Structure formats: structure tokens, C-alpha cells
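In case you want the letters, here they are:
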Amino acid sequence: MEKQQLIPELYRKEYSKMVTVLCSRLGITFIEAAEDIVSDTFLTAAETWGMKGVPENPAAWLYTVAKNKAINYLKHNRVIEKQLKSDPSHSSDQSFEMEIDLSPQNITDSQLQMMFAICHPLIPPEAQVSLALRILCGFTIDEIASALLTNKGTINKRLFRAKEKLRTGNVKISFPESTAIDARLQTVLITLYLLFNEGYYSASPDKVLRKDFCLEAMRLALLLAEHPQTRKPGVHALLSLMCFQASRFDARITQSGDLVLYEKQDSSLWDTDLINRGNYFFVKASATGEISRYHVEAAIAWWHTHQADTREKWENILRLYNQLLIIEYSPMAALNRAYAFSRVYGKEKAIVEAESLQLSGNLFYHSLLGELFTDIDDAMAIWHLEQALTLVGTQPERAVLTARLSTLMDAMNR
Amino acid sequence: MKEYVLIFRMSNNADFRPTPAQMQEVMTSWTNWMGSIAARDKLVNSGNRLGIKEAKTVMSGNVVTDGPYTEVKEFINGYITIRSNSIEEAVEIAKGCPMLNGGGKVEVRGVVTPEDFSG
Chain A
1 MEKQQLIPEL YRKEYSKMVT VLCSRLGITF IEAAEDIVSD TFLTAAETWG
51 MKGVPENPAA WLYTVAKNKA INYLKHNRVI EKQLKSDPSH SSDQSFEMEI
101 DLSPQNITDS QLQMMFAICH PLIPPEAQVS LALRILCGFT IDEIASALLT
151 NKGTINKRLF RAKEKLRTGN VKISFPESTA IDARLQTVLI TLYLLFNEGY
201 YSASPDKVLR KDFCLEAMRL ALLLAEHPQT RKPGVHALLS LMCFQASRFD
251 ARITQSGDLV LYEKQDSSLW DTDLINRGNY FFVKASATGE ISRYHVEAAI
301 AWWHTHQADT REKWENILRL YNQLLIIEYS PMAALNRAYA FSRVYGKEKA
351 IVEAESLQLS GNLFYHSLLG ELFTDIDDAM AIWHLEQALT LVGTQPERAV
401 LTARLSTLMD AMNR
Chain B
415 MKEYVLIFRM SNNADFRPTP AQMQEVMTSW TNWMGSIAAR DKLVNSGNRL
465 GIKEAKTVMS GNVVTDGPYT EVKEFINGYI TIRSNSIEEA VEIAKGCPML
515 NGGGKVEVRG VVTPEDFSG
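The listed protein sequences correspond, in order, to chains A and B. Each residue of the first sequence is one higher than the one before, counting from 1 in this note's numbering. Each residue of the second sequence is one higher than the one before, counting from 415 in this note's numbering.
If you're looking for bench data, these hints aren't it; they were derived computationally from the structure. A couple of the hints might just be wrong.
[What the hints assert, rightly or not] Distance ranges between label pairs, derived from CB positions:
(1) Q5(A) to M415(B): 31 to 39 Å
(2) S360(A) to E506(B): 15 to 23 Å
(3) T272(A) to L514(B): 43 to 51 Å
(4) I291(A) to E506(B): 24 to 32 Å
(5) T272(A) to N462(B): 38 to 46 Å
(6) M415(B) to D309(A): 48 to 56 Å
(7) H304(A) to S460(B): 21 to 29 Å
(8) L514(B) to E355(A): 18 to 26 Å
(9) T108(A) to G524(B): 51 to 59 Å
(10) D182(A) to V505(B): 53 to 61 Å
(11) T108(A) to I466(B): 50 to 58 Å
[What the hints assert, rightly or not] Result set (BS3-like, lysine-lysine): computed pairs, CA atoms no more than 27 Å apart in a straight line:
(12) K284(A) to K211(A)
(13) K347(A) to K207(A)
(14) K347(A) to K509(B)
(15) K284(A) to K264(A)
(16) K349(A) to K467(B)
(17) K207(A) to K157(A)
(18) K264(A) to K232(A)
(19) K470(B) to K349(A)
(20) K152(A) to K207(A)
Here the structure is a predicted model, which means the values were calculated and not measured. Even glycine gets a Cβ: it sits at the ideal position worked out from N, Cα and C.
Isolated chain A (complex conformation) (with noise of 0.2 Å):
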């Protein structure tokens, strides 16, 4: 390993596991606290190190060091003393001597338990995304700002309201009661998604780290799939979605960053070992007959990990998108389903679909009715698309649209 790649991979590694036993060990009242401790713990490391040469177990070392941090850090605090007194549970003795369990069944039991605290009902979800990849997989404030298109100042307003809400809310580090934990498990579903997507759709150059956020969501779901409490279903379901998705993420933007459409991916780029992946969850996922809207969403992708086009395809693949807006509806999933009609029924029947959802205004909704109206009318195709131009947030998409653009200008004038 270059020496000069150690600490900021310790840190992606071993900050968030660090503050969340921290914290799930003094409350979150003390979520800063614990932030604090640990910044502090790798800065010292960065000294200490850089004098004396890395240690055998650079981890190990972390460890100790950020554990005699907190112990200094509850002895010199009077307020928290008082606080850890007033509570039964913790003797003013015993704060002193407080054990920070470090094993890794603690450090597994803390995460779960800080995901069900960071996705409180409390908390909107925008900002439920960035404490995760702040808390629960350790980006900086630099990385999410960088992944979300937005500035460092917006990213730390929003997670300093959102602990302010953790605090005043006096939400638990626990997990929910066995008869809430499924409602629960819902919203942090929601935020695993929309995290993973954060990542796969995110309109941000730096590839390397878009995939680091899609791997993290996948990585905190897979930690939910294999404890007891949280083993459900769902949750096997939405991760057989993400690896389903992630298989393609290498094949849908090019080294430049530009986009692939699906149809134009190279399939042997896909990824086989994340797609029979995908294919072992969502058999664990079928085990009990239960339907959610990830089981759904993970056959369509499944279908999609086939990319010959066969009638059979496009006809299962409606079919899903009908049930998936039946359960749940969505703007995306409603034009998503306009498309697939449109492969299974031709593109005239398909444009009445589309123009029945009424998504004026929608960058998605003018694309796909450019697409539509290409070789049915083109001078409504040229409109659509130069609706959607005007829509359009990011470089990658504004180039495919300009391509098709042309390609349909071209044969206008031919």
C-alpha cells in the first residue's frame, strides 16, 4: 500500500465504524463529541506516525487511541458526568472505567442501530442521505458535496440541523421495538435507495466515488440482510435491485464520463458475479410470497440483465412496471411504463400512454416523447427534445440529447 493512500483509507474505513460505537455508547446527544474524538484520534495518528512510522496494526492503534480519547474526554466533562449520574444505568464509577466494546459484533449491533437513528421519521430524507454517508460510511464533507453537485456550506447546514433534530427528538441509538420494526425498516430502505441512486445517477466526474457511494449503500443493506432482527424480505429484495443495477455501472458511462444508453452498452462489461448475486437475493427475497415494491423493481432489472430484445421481455417487463404503479406511483415509474408499452404495443398507441400522464414540464416525460414521435412525426420529436434541453441539469445528458437532436435535424434537411 503508497503510504500516502493509508490514512484516507483508514479513515473510510474505520471513521464511521468509530463514531458510531462512540456513540451508540455515550447517546446521541454526543454525536459531535464522538465526531470530534475521532477527527482528533487520526489527526494524532498523522503525527505520531508520520514521527515514529506506522504501527503493526495501524486499525488496532485507532482504536485504543480514540477509546482512551473518550475516556479522557467523559472525565474532564462534568456536564456529561452529571448526566451519566442522574441515569441508573451508569454509576459515576463506572464512567471512568467505561468499557467501549470495540469487538466486531458490537461495531456490526452499533451501525444497524445508528442507520434506524439517522432514518427517523423525524428527519427529512434529503438530509436522512447525507448524515448516512457522513456517519454511516465516513465521506467527507468535500465527497458529498462534491457527489450531490452542491457546496461544502449547504452540506453542513443540512447535517447540522438534522443532529440538532437528533438531539431535541431525543432519538434512541437502539433498535425499534420488534412490532416497529418493519414501518421503521421502510424509511431506512427509502434512504439506502435513494443513496444507492445518489450514486448511480448522480451527474458528478468523479466515477471513482459515485461507485464508492452505490458499493456503501449496497454494504450497509447487506448488513441488514444478515441480522436477525432486520432479515426480511424487503430487504433482500431491494439488494438483489442494487446488484442487479450496480452490474451495468461500468458499462453505462465511459472513462470521459459520458453516458451509455442501454441499448448501446457493451454487455461484456456487465457484471457477472454482482448479477448471480442479484439472482441469490432475490430467491431469498421470494422465500415467504411477501410483494413489495423492490421485489418488483428487481425483476424488472432482472430483465434487463438480458439485453436481447424479445417480445417476452418487454411483455413481462409492462406487466411489472403496471404492478409496480399499482403499489406505489411515481412519475419515473409511469414513464418508464410508457416505454415499455411502447415496445410491446408500437410507438402510436404508446404516444396516447404517454400524453395521457399530463407531465408537462418533466425533462424525463419530453425525452421519452422525443423518442415517441421519432420516424411518427419528427417535427413534434425536434419539439419534444428541445423541451427537454431546456430541462436538462447535467453535461452527460445534455450531450446524448444533443446528439439525438442533430441526428433527427439532419434528416429533416435531408
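Use these hints to put chain B onto chain A, whose structure you have.
What follows is chain B alone, placed relative to chain A:
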């Protein structure tokens, strides 16, 4: 937006013996129709199919008759709830119902809410 119930009325058609392929087609047209309502975010409730075999009609005077028939040989076999801006729009949606291809009818009824007693 107001809510409307679409009630599917059928009458017995003993001669109708669909092939598996026809049945598949019936199923596909139903999911496509329901999907197209849901795609416009107008599906409130995907409703229920109502059984024919287990059906009785209870009337006053302790009279119970066999069957679901509201009129001679006509019965309700299901319903869904949709939302739309007007009864006209609800009727447009109902016109796409596959029930109509099989000799059935669709009754469109506004849902009475506490704010609206006009019925």
C-alpha cells in the same frame, strides 16, 4: 379531485369458454388498463373481485335469495376506486375497461364524502 367507484356488472354467459390464450389476453388487458390508471396517479384503490358462487341477497322480512343478482341474471363482479376531476373524466377512464369487451357494463358512481352530501 373527487373519488369515483367503477362497478363492473356482468351477466351470465354460459357459452363463453375462453381458450388459455384468450384468458391470458384478458389478464393482460386488465393489468394494462389498471396500470394506465395508476400511471396517471388516478388509482385510489385496486378494489376487489367479488365471488359469484358464494353470494346471497338479503331482503327485508327475513328473505334470503341465492345469488348476487340485482336484476335478472346480472351481477356485480368487482369494483375499483379512482380519482378524477369530473364524472366525465371518470367515464373516459371507464371506457377503457376490458369488461366492456366481454359483454359487461361499468357503472361510475361518485363517492359521497362528509363535505358533499349531494350524492
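Review point. Are T272(A) and N462(B) spaced within 38 to 46 Å by their CB atoms?
Key: 43 Å, holds
Practice item. Check the following: the C-beta atoms of T272(A) and L514(B) are separated by a distance inside 43 to 51 Å. Key: 47 Å, holds
Review point. Does the Cβ pair I291(A), E506(B) satisfy 24 to 32 Å?
Key: 30 Å, holds
Point to revise | Agreement of K264(A) and K232(A) with the hint, judged by alpha carbon distance not exceeding 27 Å | key: 36 Å, violated
Review point. Taking 27 Å as the top limit, are the C-alpha atoms of K207(A) and K157(A) close enough?
Key: The hint holds at about 26 Å.
Review point. Is the distance from the Cβ of L514(B) to the Cβ of E355(A) consistent with 18 to 26 Å?
Key: 22 Å, holds
Check your understanding: Is it true that the CA of K470(B) sits at most 27 Å from the CA of K349(A)?
Key -> 42 Å, violated
Check your understanding: Measuring from beta carbon to beta carbon, are M415(B) and D309(A) in 48 to 56 Å?
Key -> 38 Å Cβ-Cβ, so the 48 to 56 Å window is violated.
**Study point:** Consistency of beta-carbon spacing, M415(B) to Q5(A), with hint 31 to 39 Å
**Key:** The hinted range 31 to 39 Å is violated for Q5(A) and M415(B), with Cβ atoms some 57 Å apart.
Point to revise | Outcome for the supplied range 21 to 29 Å, where the beta carbon pair is H304(A) and S460(B) | key: Cβ of H304(A) to Cβ of S460(B): about 26 Å, so the range 21 to 29 Å holds.
Point to revise | T108(A) versus I466(B) beta-carbon gap, inside 50 to 58 Å or not | key: With Cβ atoms ~54 Å apart, the hint holds.
Exercise for review: Take a look at whether the Cβ-Cβ distance between S360(A) and E506(B) falls inside 15 to 23 Å.
Suggested key: Since S360(A) and E506(B) have Cβ atoms about 19 Å apart, the given range 15 to 23 Å holds.
In terms of the numbered hints stated before, the structure departs from hints 1, 6, 10, 13, 15, 16, 18, 19, listed from lowest to highest.
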